[in-house]
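A.B. asks: Take a look at the letters that make up each chain.
Number of protein chains: 2
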Amino acid sequence: MLEKFKIHIAQNFPFFDGKKMLLATSGGLDSMVLLHLFQQLYFDIAIAHCNFQLRGIESFGDQNFVQNYALVNTIPIFVTQFDTKAFAADYKISTQVAARELRYNWFYELLETEKYDFILTAHHADDNLETFLINLSRGTGLEGFTGIPQQNDKVIRPILSFSRQEIENYAKENGIQWREDSSNASDKYLRNKIRHHLIPILKELNPNFISSFQKTQNYLQEAQVMVEDATIMIYQQVAKEQGDGTIHFDLKKLQQLPNFKSYLYQWLKEYGFSAWDDIYDLAEGQSGKQVFSAEFRLLKDRNFLILSPVNFVTNEKEFLLDKEQHEVNIPLKLSFCKVSDISAVSNSAIFVDEDKLQFPLLLRRWREGDYFQPFGMEGKSKKVSKFFKDEKLSLLEKENVWILCSNDQIVWIVGMRQDDRFRIENTTKNILKIQLG
Amino acid sequence: MLEKFKIHIAQNFPFFDGKKMLLATSGGLDSMVLLHLFQQLYFDIAIAHCNFQLRGIESFGDQNFVQNYALVNTIPIFVTQFDTKAFAADYKISTQVAARELRYNWFYELLETEKYDFILTAHHADDNLETFLINLSRGTGLEGFTGIPQQNDKVIRPILSFSRQEIENYAKENGIQWREDSSNASDKYLRNKIRHHLIPILKELNPNFISSFQKTQNYLQEAQVMVEDATIMIYQQVAKEQGDGTIHFDLKKLQQLPNFKSYLYQWLKEYGFSAWDDIYDLAEGQSGKQVFSAEFRLLKDRNFLILSPVNFVTNEKEFLLDKEQHEVNIPLKLSFCKVSDISAVSNSAIFVDEDKLQFPLLLRRWREGDYFQPFGMEGKSKKVSKFFKDEKLSLLEKENVWILCSNDQIVWIVGMRQDDRFRIENTTKNILKIQLG
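Going down the list, the sequences are from chains L and P.
The numbers in full-length UniProt numbering rise by one with no breaks, and the one at position 27 of the first sequence is 27.
The numbers in full-length UniProt numbering rise by one with no breaks, and the one at position 27 of the second sequence is 27.
A couple of the hints might just be wrong.
[To be verified] Capping the alpha-carbon separation at 25 Å, the derived lysine-lysine pairs in DSS-like fashion look like this:
id: 1; chain 1: P; residue 1: K215; chain 2: L; residue 2: K193
id: 2; chain 1: L; residue 1: K203; chain 2: P; residue 2: K193
id: 3; chain 1: P; residue 1: K215; chain 2: L; residue 2: K269
id: 4; chain 1: P; residue 1: K4; chain 2: P; residue 2: K203
To be clear, the hints were calculated from the coordinates, so they are not data collected in a lab.
Computed from a predicted model, the values in this text were never measured in an experiment.
Isolated chain L (complex conformation):
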């Protein structure tokens, strides 16, 4: 295996020359073989060992084993211990996910602080095959079939194209010692079943199975990248990221695609949505309907689906403003100052007769049934909802409007229109300028 390995390294990782390598070493068969192989190559290597403290005394046994190996072989070593279970509980994730998170965070930290170039892990071909078959048995999408890549940023798997058999043989031939890992029992049951019963049949049907499987997986990886290409290209045609942090999906364009649901799925999965049927119905459903994930919501608004953070809307809140306050920052930035005359009028500033106001002022969302007297309409009343309609506000935009009130009367539809009742008149003595932003 060593000769094949050397050629493999030269062909696949020509950039290894002169680099400093951090080898993730659990003490198990695969990582001990990887370590032994790299010792033969005289690279500038170090060992990184994580003690996840998941198997009590056994975990410390692994740690001692690896530390001892490093000592005997005079290899620099970094060791850390994690309270994996507490971390998993804190973040409500599985122990497995927690361990991965902790491990890679620490590896990347070490790269930085200790000036190493790459992290090397000992995944091999059978790992990918087993994961493929585990995912097949459970049901999966294309992502579940593409496997771990040979390189992902600074993490490199130099023996990913080698089989378990080759690795075992190498260990035997070179008298390599390792620690058996008894963890991960539930996954191991499935993995062992697959390893001992499924894979031998596949290898019997095709003696070159492992190598043809690697080609298969390469093809699937290529297909996955093309799926991502399509996802991005269609996104560029259909989605518009607004300045306010929302994304508008143009349904007219989207629904021209017979497979628009596939694209919605690809775009929205990273926002934590899971009610896919509801989302697909939304596209064809009534304006105003919405679907939520933990942190996002998708709103159907006429010809658009609008994606926004859930906390984007704080409908329930009201804010009181005292007379002495000269500035507000929450829920939006407003400043109040006395002026002697009216200067430039704009949507972002109004001038009111301070003596007509009754403090504290109230800043709130609009409500169904709100009326006001739009400035410049000679005292005529208008429903706020009608005003919004005339201004062609989307549902989301409406929800984000703030209303400044004095004693239940609207003073300002903030940023849009002042009320006539509080305007400056000839008799006004104290002019208050209220400025947005």
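Add chain P to chain L, keeping to what the hints say.
C.D. replies: Frame of chain L, contents of chain P only:
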């Protein structure tokens, strides 16, 4: 199964109402169950049976069995016999591919002539699963994992979501009879191994395996459509179909994509190419290099890959033209006629002094070393290759130029430039107009 089947039909094929169905019926278990199910639905059905004559007396036994069933049940029946082996030999295809080709051609013919609406086949969930695992064992790309679709144009598989077990149970419960098919032994060996050894393990690992596998396959089908979307979108950005039947791929645009090889593969596979490494090298290789498939060639020409039919170029051929010929059609259309005066001059017609010509004229490709005296250059000689370069002709365009010669002297670079030596002069008595197209 009947109740589940009825619901399935109502939900998935609401358009079946009032339609006429042609049931592909081999006489095997699956097709006899499909037939029995449709008899319970009182659809307007007929049987279509193909006798491929691949198993001698057995094939005729199947035919008799199906014909007898149709007679007893008073179902209209269409039967045909194919010389499948001869067809396969004629077209150099496998017996299996030949049988499929013959079968579907005949089905579609029947739809037309006998006014049926749909062809129904009896593929079921285990067929797709077995094919998936066969392809996995051999190595495949995403296409090999997507399975047969439930509907493909007018071919519908109404029991594709039912398992073999359900079908067998239904056959038992309803005392349905069928013929065992002993054909396809080689594929059957693999299929049986997979059916009896692999699939039971997968079902043991996950009792809902068949249904989660169907979801898996749906996801993969969606991914496959997105791959096709990407293939088309990138093609539109990179490829230009020329009027002359060639396709030019812009390498500068193409190579901006890190995965451009995936796209080349998708575009070119249907042209019968297989030397993929050579093709990928071509993209980075020297101008003038080319790769061939049986019927096409791909030529690297500066910043382009040019795809053209192989027979596009007939370099070796020369054509002699007699004085009596007034028209040529091969290798291109030329007409000769005497005129009294020069009319409109264009690239597609020249006027020459007939008496300067020496018949027969010769029509041939250009050769390295060809010289001519371009019209309007006062008798100066020029290398044809230099002329082409100045005209910015691509390699392929050069190869497609024809040259008209008289006694080894160039008269016309057809469609491009006349030679000065054969032009009309004051002394000319007989004017010959040579017209292209």
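A.B. asks: Would you mind marking each hint as holding or not holding in the structure?
C.D. replies: Hint-by-hint comparison with the structure:
1. K215(P) <-> K193(L): Given that 25 Å is the threshold and the Cα spacing comes to 23 Å, the pair holds.
2. K203(L) <-> K193(P): 12 Å, holds
3. K215(P) <-> K269(L): Given pair K215(P), K269(L) holds - Cα atoms ~17 Å apart, limit 25 Å.
4. K4(P) <-> K203(P): Holds. K4(P) to K203(P) sits at ~22 Å (cutoff 25 Å).
Every hint, counting from the list given before, is met by this structure.
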